[in-house]
Amino acid sequence: MTEPRMPTSRSPGAGLKALGPWLRVMAQRRTRLAIGALLMLSTMAFAIGLLTLSGWFITATALTGMALAAGVAATLDVFTPGSGIRLFAVGRTASRYAERLYNHDTVLRLLADIRGWTFAGLARLPGRELARYRAGEWLNRLTADIDALDNLYLRLLAPPLVGLLAILGVAGVLALALPRLGIVLLAVLLPLWGVITLGMALAGRRPSARRIETLERLRVRALEHLQGLAELRAFAALGAHRGTLETTQRRLLDDQRRLGRRAALGSALVTLGVQGAGVGILCLALLAFTAGELSAPVASMLPLAVLALNEGLAMLPAAFVQLGATRQAAARLNDQAALSSVEEGTHAWPLAPGEAPEVVFDDVSLRYPGMESTPALAHLDLRLAAGERLAVLGPSGSGKSSLAQLVARAFDPSDGHVRVAGRDVRDLAPVALRARLGYLTQHTELFHASLADNLRLGLPVDHGLGEEAIERALWQALWIVDLDGWARELPQGLETWVGEAGRQLSGGQARRVALARVILRDAPLVLLDEPLAGLDEATAGIVAERLDTWLDGRSVLMFAHRRDALPRCDRAWSFTAAA
Amino acid sequence: MSASRSTSSSSASPARASRRWLAEQARDVRGWLTLAVAAGLAVGVLTLVQLGLMAWLISAVVARDATLTSLWPYAAGLGGTVLLRALAQWAQETCGLEAGLRVKARVRGQLLDHLAALGPVRLAERHSASSAGQLVDQVEALEGYVARYLPQATLAVVVPLLFLGVAFWLDWLAASFLLLAAPLIPLFMALVGMGAQRLNEQQFQAMTRLAGHFLDRVRGLTTLQLFGRTPQATDEVVAVADDYRRRSMKTLRVAFLSSAVLEFFASVSIAVIAIYIGFGLLGYIQFGPAEQLTLFSGLFLLFMAPDFFQPLRLLAQHYHDRASALGAAEGLRDLLAQSPPRGAVESLTGDASPRARLSDVVVSHPGRGRVLGPLDMTIADGEVIALVGPSGAGKSTLLQLLAGFIDAEAGQVALREPTRLAWLDQRPFLMQGTLADNLRLVAPEASDAQLREALAAARLDTLLATLPEGLDTPLGERGLGLSGGQASRLALARVFLSDAPLVLLDEPTASLDPDSERLVIEGLATLVAQGRTLVIATHHPAVMRMADRVLGFDAGRLTPRATHATPEVPS
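In order, the protein sequence lines correspond to chains R and Y.
Here my numbering is used: the first residue of the first sequence is 1, the next is one more, and so on.
Here my numbering is used: the first residue of the second sequence is 1001, the next is one more, and so on.
No lab work stands behind these hints, which were simulated from the structure alone.
One thing to keep in mind: the hints can contain errors.
Part of the chain Y face toward chain R, derived, beta carbon under 10 Å [to be verified]:
#1 Ala1088
#2 Ala1105
#3 Gln1134
#4 Asp1216
#5 Ala1233
#6 Val1240
#7 Ser1248
#8 Phe1264
#9 Thr1294
#10 Gln1317
#11 Ala1410
#12 Met1431
#13 Gly1433
#14 Arg1440
Note that the Cβ used here is the ideal one computed from N, Cα and C, for glycine as well.
All chains, full assembly: derive it from the sequences and hints.
What follows is the structure, given as structure tokens:
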């Protein structure tokens, strides 16, 4: 069985460059990021300070106590270290709380930035690119990719930086006491830091990227298994399909095992490195004490500072072993952004506002990508005069919707030209074209928002209408589609929430809301793809009659199986069986 | 385990049931979990040994003027302890991981069995994407709970007790500072738990809404573009995310307090112990064990204090694993609690027996009452039966009953052996993959030649001839879009691929254009010519004409209609 094709990164070997654009988005908040990292660092500093000072204090008091017991006069200021210890204890708690709160705020701000940025990028994609990306699979993928980037700062950026600074800071303190101690610490912990960040990232690169792919494939397989259950069970093929599903799962578990083991190895290395360094520094410090180079309290406090580094490094291996997945997510999102740099036409609309345009299909052929040998349209010539109403008829799959999509530029013809108002649609600025176009697509797309919001979307962008005029326009449009009575009965009227993808409405109602939205656009060129589909006969009659009046003076292309499924038209044109 | 029981919330009993269910799933991997706990315990013991040796070395060199060179075996032992500790830690994580992975595989298997047993009719009550989500994401959510939380929940009790024991042996007063914090530990965990749970529930809801909004707008991007509304929609996406931030920060301010409390106790205990030991060593404290304090016991106690709280802090870190596993478990339990149909289809043997027989069969749907029956029906071998009637009359129910997808409330369904059947759905299922994949879905062993033959029988050979990639042409969202008629004929090709004697067809010509209708009906005629038994739910006059018997429904009972009755207008 061939695996479903996934959009993959075009440059798998691009290393960490893929993260570049996202780091730039984050850099817009660099002050916040710096403060967040400083808070992390101060939390660590307080923790290290608490242990270190306590170790110094205990050793110092023990020595003083022994001296006193031996009858030697000795004094020790106990109040300064005592208050220092209290300060560090309270400071560590406060700093940690502030750090968590502040950094979560930052992460949520970044989430808004990243979503806004991605959405703006997607919105710039030409309609024809977007049409290829409508699949549910792609949407899931997009969400997962964005989620992967949400945590970039808190998991992969700040912690390694803070860990590195803490290593350097402790090494500095050690070096102040005795330079060679600092150097030994750096010699052990800097390579360790490299291994648990970059090393882990390398070790996890392939399996973590593959894990995401396999998880996605498992999702596809699971959906197949459930949606095809009737067929699979009836044909006794359930076992075979389950076999492929379990193979996919096994692959996923294998990669997860690989990643988990590598991360476990990484944390074991952290323990070995940090505790080993602590023990090593202890031995060196004790030797130095014997040699008279260090005082006893300092000799016993230094290893404690090293041990306290564990906290800052322990989480790094598990985070970095998954870096490959994050990088791949970024690369995929970048690829989409790269698609949006397509040249678009710039010409203004050549007619007066409200003047109905002529539409000409001149020897148009259309081949969908990947299906070059079977054109959806071949050498088609068709002319819609200004102000004319033309019905385009044909069986499903004959290319009706393709005609509408060519005018709206969801696709461009492979050969020939589509002209609107005498200009090739490719030369018109997309904004100018869309402002003059009312297009009821074959699929009904309503948004999870109020009825009013869904309708207002249809209003011309620069409508300049007051609230009252808008209200009137909405009701007028609802009247045309015969939903005004229904809307008035709703307890919340136009503020009624329309469910996910408009699901709380019946298919026919959703269709009519979409039609009302097109009516509100008040465009001189109207494309209606199966406008009355899904309506019962009586309603279809009423809507057809009211549409008839509204369509007067506009250029209209209507698409359906049969002519009697459409409002009145001047002329009908049929796809021949050959098309 | 006290730590996990202390979360009191309004939904205590479903949470308890979910915990029980999770514990049951983990039973199979008890071995791995025990190993993980044992390794974690070893980490605790080795940590104690390491810290004790470090304190002892310092005290020997500093207070007793020994030289490190003379103590080298102890220093070497210290190094060995660190190495063993790292090893034990690796073992703990690896064993936990293995347990988590195995539980996932097990639960997924169980779910697949159950979903298959529920059958397509019962499954249709659920959104298939959400069931698939349960199979994938909710099962994934169990890993962290089994791999990390479960071992840590035991270790968070045992390891601090171990440390406490050693601390008592060293100095009971210092130990009691740790112990003072101990009764507060269940309280911490309740606080942490409540915080985490509330955080998780609210965050999850808000996050779902946020993700839903974003997805909704992306899904409708084409429409937004058509209406020139993308700039406003972009602003809206940012505004909704920002609103989410402001609301969740309110929750977080409280939720983070619980972990701050844990942090506070850990910090203050270290400070109090350090100051107590310091003053004790100076001889300022004249009662209790303070006078027996030495540099060794003092340093050892200090070294121990942070590690006493470490298992609890780790548990708090893994708390979100628990919350998401509990959430997932609730959904999974609901699904597994649904009782599947028995699918009790009996077999008839002998060449003379009919292809299928229904005796006194009654079918009821919850909420709709009796849908079918009582009815008796005998389907002869090679017979073609058309079931007609308005939607909801019981046509599909009868087909589902024959296929064993639903149970009869009373009566008996029997099929002649072999009981294999072929099924053609009103909306045939197309998978992502090639044309060949879609056919092999029901006949994994079929050769390319057999696929071509089946496509030809289903009148799809002309389409196949136009495809440059032939059988390897991808179908579905990213490939060739089949029209409704082509999809029906593809489903018909699946029927041709199987040699099942009984073929059940649910409105094979619904919503097709006349050309496609004709081709599908030609295909059906070929099936009849092969001598197969066909039961077809249909509105189509041409299909009815093909049938040996046309049966209508009258209040759930079958009534014969004339085979060449006045054709109904197809709806």
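Comparing the hints with the structure gives:
1. Ala1088: holds, 9 Å
2. Ala1105: This hint holds: Y/Ala1105 lies near chain R, its Cβ roughly 6 Å from the closest one there, short of 10 Å.
3. Gln1134: holds, 9 Å
4. Asp1216: holds, 4 Å
5. Ala1233: holds, 7 Å
6. Val1240: holds, 8 Å
7. Ser1248: holds, 6 Å
8. Phe1264: Holds: closest Cβ of chain R sits about 4 Å from Y/Phe1264, inside 10 Å.
9. Thr1294: holds, 7 Å
10. Gln1317: holds, 9 Å
11. Ala1410: Y/Ala1410 check fails; min Cβ-Cβ to chain R is 24 Å, beyond 10 Å.
12. Met1431: Holds, because the Cβ-Cβ distance from Y/Met1431 to chain R comes to roughly 5 Å (cut-off 10 Å).
13. Gly1433: For Y/Gly1433, the interface hint holds, since the closest Cβ of chain R sits about 6 Å away, which is under 10 Å.
14. Arg1440: holds, 7 Å
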